[in-house]
Amino acid sequence: MNAELVQAKTFVNDLFVLIKFRIGLMVVFSTSVGYVLGMGYVPDPIHIFHVLFATFLTTSGTGILNQFMERERDARMGRTADRPLPAGRIAPELACWFGLILSGMGIVYLGVLVNYLTALVGLLTVVVYLLLYTPLKPKTPHNTAIGAIAGALPPVGGWTAATGVLSGEALALFGILFLWQFPHFLSIAWLYREDYARGGFRMLPIEDPQGHRTAHQVVLYTLVLLSCSLMPALLGMAGVAYFGVAVLLGLGLLYASLTFAQSRTDVLARRLMRATLIYLPVLWTVMMLDKIT
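Numbering (this note's numbering), first residue to last: 3 to 295.
Some hints here could point you the wrong way.
[What the hints assert, rightly or not] Simulated crosslink set (SDA-like; lysine to any residue; CA at most 20 Å straight-line):
id	residue 1	residue 2
1	K22	F100
2	K141	R91
3	K141	F100
4	K141	L96
5	K141	M79
6	K22	W99
7	K293	V30
8	K11	G90
9	K22	G80
10	K141	R85
11	K22	F58
12	K293	G238
13	K141	E74
14	K293	V114
15	K22	Y135
16	K22	L96
17	K11	R91
18	K11	K22
19	K22	I103
[As the list claims (entries may be wrong)] Beta-carbon label-pair distances, calculated as ranges:
id	residue 1	residue 2	range
20	L122	L27	19 to 29 Å
21	G106	P211	35 to 45 Å
22	G106	P47	24 to 34 Å
23	P140	P47	42 to 52 Å
24	T267	E6	39 to 49 Å
25	R91	S169	39 to 49 Å
26	G254	F51	29 to 39 Å
27	V44	A199	30 to 40 Å
28	G80	N4	26 to 36 Å
29	R215	G80	22 to 32 Å
30	D268	L7	33 to 43 Å
31	L237	N4	52 to 62 Å
32	V114	A83	31 to 41 Å
33	T267	T295	33 to 43 Å
Worth flagging that the hints you see were computed from the coordinates, not collected in a lab. Beta carbons are placed, not taken as given, at the ideal position from N, Cα and C, and that holds for glycine.
Model the full assembly from the supplied sequences, consistent with the hints where possible.
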């Protein structure tokens with residue numbers, strides 16, 4: 003019985019890793035931001051459930067297919083070698099079919115129970131992530147910019163789910179999330195640059211061992227992010243309270259970016275990564291609360 007319980011627990015843990023559960027939650031949260039801002043009030047629980055559940059299905063399937071495609075490279079990296087596919091605990095063919103089914107179900111779900119435009123946004127996310135970003139990771143350090151396009155689409159999907167149209171407001175949300183990913187992922191790439199090199203991924207910190215280009219990009223994108231984060235207030239999506247919080251959060255993130263740029267140590271890179279993880283959820287939350295209260 004104990005062996006069966008351990009096996010069941012391992013399977014559940016592997017399933018959570020396979021669908022990239024924590025990333026899925028962040029995607030769902032970002033989608034809900036776009037949805038609430040598009041609605042302008044507390045949304046209908048049934049409709050937003052359809053939106054978020056379908057988004058989670060699509061994201062989970064995409065995460066599985068990404069791991070299927072990268073399983074051999076993941077096996078070379080200490081950070082990912084114990085994932086279910088490189089460790090051999092789940093058959094690659096099973097994972098591939100599971101990923102195809104989940105992502106396909108999610109897109110169809112969006113098209114049938116939400117709207118076709120949101121389904122198209124979901125499909126675009128899958129295509130960019132799997133057919134552009136994933137194959138480019140071993141080929142060019144510019145893969146981060148391509149991946150950031152896919153990563154910035156969830157709030158756009160939330161907006162189109164609520165409004166049925168694309169607009170400048172949706173692009174403002176896209177811009178915030180697109181720009182945020184550079185200090186976030188470059189700090190991660192710096193921390194795990196040796197691991198990424200073993201996996202054969204061409205990340206900027208690998209090709210920039212002194213870190214000058216990495217530091218320049220971190221500061222540049224943080225500065226542009228600070229400016230872009232003020233757009234929701236200027237477009238009437240949020241008010242003065244959001245504007246003030248966005249400025250304070252932006253200055254805090256800029257300080258972390260400048261500190262990393264000056265010394266480029268692992269300690270400061272980790273501090274920057276944590277700063278990005280604080281910045282985005284707080285910014286999203288304040289933006290929503292300022293809209294509906």
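Within 20 Å, alpha carbon to alpha carbon, are K22 and G80? Holds - the C-alpha atoms of G80 and K22 are around 17 Å apart, at most 20 Å.
Against the range 30 to 40 Å, how does the distance between the Cβ atoms of V44 and A199 compare: consistent or not? Violated, at about 48 Å.
Between K141 and R85, does the CA-CA distance stay at or below 20 Å? The given pair, whose Cα atoms are some 23 Å apart, is violated under the 20 Å limit.
Hint consistency between K22 and F58 [alpha-carbon to alpha-carbon, up to 20 Å]: holds (10 Å)
For the pair we were handed, K11 and R91, check the Cα-Cα distance against 20 Å. Since the Cα atoms of K11 and R91 sit roughly 13 Å apart, the hinted pair holds (cutoff 20 Å).
Taking only the CA atoms, is the gap from K141 to F100 under or equal to 20 Å? violated (27 Å)
Pairwise beta carbon distance, G106 to P211, judged against the given window 35 to 45 Å: Given about 42 Å between the Cβ atoms, the range holds.
Going straight from one Cα to the other, do K22 and L96 come out at no more than 20 Å? holds (16 Å)
Quickly compare the C-alpha distance for K22 and I103 to 20 Å and report which way the hint goes. holds (16 Å)
If I claimed the Cβ atoms of P140 and P47 lie 42 to 52 Å apart, would that claim hold in this structure? holds (43 Å)
Restraint check for K11 with K22, where alpha carbons must lie at most 20 Å apart: holds (17 Å)
That 26 to 36 Å hint for G80 and N4 (C-beta), does it hold up? Once the Cβ atoms are compared, 29 Å apart, the range 26 to 36 Å for N4 and G80 holds.
Comparing the model with each earlier hint shows violations of hints 2, 3, 4, 10, 14, 27; every other hint is respected.
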